[in-house]
Each structure stands twice: as C-alpha cells, then as structure tokens.
Amino acid sequence: MEKKQVSIIVNGERKEAEIEPRMLLAHFLREVVGLTGTHIGCDTTNCGACTVILNGRAVKSCTVLAVQANNTKILTIEGLSRGQNKLHPVQKAFVDKQGFQCGYCTSGMILTSYWLLKNRKNVSEEEIRAAISGNLCRCTGYDSIVESIKEAQEMMKEEGDALEHEQEITVRSKR
Amino acid sequence: MIPPPFDYFAPTDIQEALDLLNKYGEEAKILAGGQSLMPLLKARITTIPYLISLSEIRGLSYIDERKGALHIGAMTLDCDIELSGIIKKRFPILADAAGQLADPLVRNMGTIGGNISHADPSNDLPAVMNAIGATMIAKGRKGSREINASDFFIDTFTTALDHGEILTEIRLPFWGNSSGGSYVKFKKGTWNFSVAAVAVQLELDGKKVIRSGIATTSVGPRTLKMEKAEKFIIGKELTEDTIKQAAEMVARDSQPASDSYGSEEYKREILRRITTDAIKNAHKRAGGE
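Protein chains in written order, with my numbering: chain A, 20 to 194; chain B, 3 to 291.
For reference, chain A alone in the conformation it holds in the complex (with noise of 0.2 Å):
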C-alpha cells in the first residue's frame, strides 16, 4: 500500500500530509489536522455528526476519502467563526434558539444549515426538515434546531451575510 500525498485546503490553510489512502477525511481533520470540532456519530453514513463542506457542499467526511478531497477547500466548524467571540449567524441562532443540548450533532448540523441557507433562499420549514435529513439528533426533537434555523436565516438576511464570509475564505486561502 503505497502511501499518497495531499494537500487539502482547511478553512483557509493549506495543510499537506503523506497519509494511506484509506485515511478517511474525518479522521484527517481531526488526527493530522488536529480539528475535533468534526465528530464521528455513528461511522456509517447516517448520522451527519461528520459533515463538512467540501467546496462548497456538505459531506458526510466519514464516507469520503482524504486522498478523494485532494486539492479541494474544506470548512469545518472551526472555520466558521469570524475570529474570536464572534460567531456566524447559523452559531448565534444555535445559541439564542438552544439549537442543541448534548451537542455532539451541532457541528454537523450547524454547517448542513450553513449550506442549505447560502444556496437557497426563503426557505420554507419543510425544505429546512428535508435538508438536515441526514443530520441526525438524538436530544431536541429537531424542533428547536428547526426555530434556530429560521432564526439564522433571518439573521442572514439582515446582514447579507453569506457571500461576504465566503470571500473572505477565498482571500485567506490563496497566501
């Protein structure tokens, strides 16, 4: 087993690695990267608790390979706030909605809201339901989560905000 070289963009950095193939991108972010805000639920593709955004879609990184994200940009949780004490607006209204209790989805879930609210707009509690579907909470009976992302898209809204943060991804990430 030959091992291969990658170099995968995370949150902005180039981070480069020789690992094994079989290395799964979750367990990149989390042991070569260092980034344990990506947690892994149940390893087989249901629970969501892994998602990251992979140029600009979430994935379950537990069902993708490191080597399959060479030379893509990754987001995790950790990428999502703009710099200390300040949180995106899909973290705010996790926070203000109590989006959460044990929080082992959140990362997750967080980041599949992120996705849906910057490529759609106005959308409605059904398309909400639908697109956290693979996003799985074992606490809140998911209606909380849903209000917290109601509340994140009219914080969004307000702010015009999405387009602006992912520029700033862009910036970062070609130093």
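Source of the hints: derived by calculation from the structure; they are not laboratory data. Please note that the accuracy of each hint is not assured.
[To be verified] List time: in silico DSBU-like cross-link candidates among lysine-lysine, alpha-carbon distance up to 30 Å:
(1) K176(A) to K90(B)
(2) K44(B) to K22(A)
(3) K44(B) to K140(A)
(4) K140(A) to K90(B)
(5) K189(B) to K44(B)
(6) K140(A) to K25(B)
(7) K23(A) to K189(B)
(8) K31(B) to K34(A)
[What the hints assert, rightly or not] Pair ranges (Cβ atoms, derived):
(9) R147(B) to Q120(A): 51 to 57 Å
(10) Q247(B) to M20(A): 54 to 60 Å
(11) E35(A) to P6(B): 21 to 27 Å
(12) I4(B) to Q24(A): 15 to 21 Å
(13) K22(A) to E29(B): 47 to 53 Å
(14) G122(A) to I236(B): 53 to 59 Å
(15) R275(B) to K176(A): 39 to 45 Å
(16) G53(A) to E148(B): 21 to 27 Å
(17) Q117(A) to G87(B): 35 to 41 Å
Backbone N, C-alpha and C fix where the C-beta goes; we use that ideal spot for every residue, glycine too.
Following the hints, complete the assembly by docking chain B onto the known chain A.
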C-alpha cells in the same frame, strides 16, 4: 471504522483509468463518489486492493440536451440531477428519484454513474433507467459500446459492464410531447433503504397510453422491469380499473423477500399502492386527467 488497505489511483484521463483497470483486473474497482462503496469497505463487507478514482478526470460531469436524447456524464452529482431545470422539465421521474435518494449530504457527493453501476437492488436510479429506456455508454480499451437499460442490470451488484469497462455516460431518449413519469418511493426513516419503490413513464395519444415503462426498486435481486404491466396499459385509457389491474400485475410480478423491512405480503400491498400513485402522477404529468 477504517477500510482495509488499498492502493489508490486518481488518473487524469479515461484512457489511463482503463489501462489501470486492465492492469489490475478483478482486483481493481472504479470509485465515483463512493457513497455506496465506502460504507461497504468500512464495514469490510468487501475488500478492494486497487481503487481507481474518476474524480480527477475532467469532462465526466455534464447534463447536455442533444438531438433526440439527454446526455448525462457518469460523474454528474446526484444533487445536480435533482436540481437540474432540464431534467425537471424533460424527465421529472428522474428528478423525483434523485431528490429522494439517501439524504442531501449523500447526494452532494454521490454520482449518477455510481448509483447505476453499483446496481444495488435498492438503489433508486436503475428503475428509472429501465422505465425511461436509457442507454448506458460503456468505454473499454477498444472503444465504446451502448447497452440498453433492460440488458444492463443483471443481478445484485452485477451489471453488463465487463471488468475492463467504465460507464461514462447515460443517454435518456426523449419521449413524445404528451409524456410524463413519476417515481414513488416508500421508506421508513431517511437512513433506511426503501421498502419498495416504483418508476412509471408514460406517453399518451389523446386519452390512450401509447408507450410505457414500469420498473421497481427493492423488491427483487435487481430492479425489475414490469413487462406485463407495461404491455397491459398500452392502447388503454387509464381508468381506475385499468390502473388497479396494472398495479396488481406489478405486485404479483415483483419478487419481494420477507425481512426486517416487512413481510412479502406487506411489500406487495405497498407496491399496489405506490404503483397506483405513480401511474396517476405520471398520467397527470403526461397531460392526462
């Protein structure tokens, strides 16, 4: 869970991929989005010594409207199929199926070519290919060949592709103006496979059906083309009674097994209901009542 060790290749052109496939023979497998393969590898249900990824090959992801058919690149993401305007317009049956496939996160990584060539009897797109009468383009070292959907799905995880071939494109021949289709899936919980699903594509001349394609998911060793029901509705108006009889044929001709998803009898009843819904919806979309 970590997959067993393998060597990984990411060739940048299809010829190189074919050469690698040929070099490593049955020990090699093509990796598309990996949304079916990765869970199997992680659970160590299968071992693949050589994985050949198509992700670095440019030009395998497209939805092109050509004369007489829609051409779809094998690496086109399921989410792009789901949201494509041209697919919603020309083949809503495919948009239905893509939009119900697994969950949104899986659809963001999974591909149409992977879904089809993996040939899991519970994968949704094979039935749609059968109902539409799609053509698969298989590329080998000596050139390309076309395989009809009805000849493509052979058994569980087995297709008509040779070991040295790669599915590169799917062609969906356009049906007439008064045509429409529907895919109805019955499942319990996002994370489960379907109990049963059915794809129905119809073309009308006035009130009568002049062409039909009907196929199932999850109720046999592979997607099943329901030829008896297809033929039965040709030349007929879709009255309640005709639809009921066609649905009965689908329920009878399917091959469900009793398992944790339900008994054989239960699955046949589900099929009766979803086939009725699918025919009615396809009829409506074809411009019928």
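Status of the hints after comparison with the structure:
Using a Cα cut-off of 30 Å, the hinted pair K176(A) and K90(B) holds, with the two alpha carbons roughly 28 Å apart. Only pairs whose Cα atoms come within 30 Å are accepted, and K44(B) paired with K22(A) is accepted, the gap being roughly 19 Å. A hinted pair counts as satisfied when its Cα atoms are at most 30 Å apart, and K44(B) with K140(A) does not qualify at roughly 37 Å. This hinted pair checks out: K140(A) and K90(B) have alpha carbons roughly 19 Å apart, not beyond 30 Å.
At most 30 Å may separate the alpha-carbon atoms for a hinted pair to count; K189(B) and K44(B) meet this at roughly 24 Å. With a CA separation close to 49 Å, the supplied pair K140(A) and K25(B) exceeds the 30 Å bound. Taking the CA atoms of K23(A) and K189(B), the gap is near 40 Å; set against the 30 Å cutoff, the hint is violated. The suggested pairing of K31(B) with K34(A) holds, with an alpha-carbon distance near 28 Å, which does not exceed 30 Å.
R147(B) and Q120(A) have their C-beta atoms about 56 Å apart, which keeps the hinted 51 to 57 Å range intact. Between Q247(B) and M20(A) the Cβ separation comes to about 57 Å, which falls inside the hinted range of 54 to 60 Å. In this structure, E35(A) and P6(B) meet the distance hint of 21 to 27 Å, their C-beta atoms being roughly 25 Å apart. For the pair I4(B) and Q24(A), the supplied restraint of 15 to 21 Å holds, since their beta-carbon distance comes to about 20 Å.
For K22(A) and E29(B), the hinted distance range of 47 to 53 Å is not satisfied, since their beta carbons lie about 19 Å from each other. Under the hint 53 to 59 Å, the C-beta atoms of G122(A) and I236(B), about 58 Å apart, fit the expected range. The given range of 39 to 45 Å is respected by R275(B) and K176(A), whose C-beta atoms sit roughly 41 Å from each other. Taken as a hint, the range 21 to 27 Å is violated for the pair G53(A) and E148(B), whose Cβ atoms sit roughly 50 Å apart.
Checking the proposed 35 to 41 Å range against Q117(A) and G87(B) shows it holds: the Cβ atoms sit about 39 Å from each other.
Checked against the numbered hints above, the structure violates hints 3, 6, 7, 13 and 16; every other hint is satisfied.
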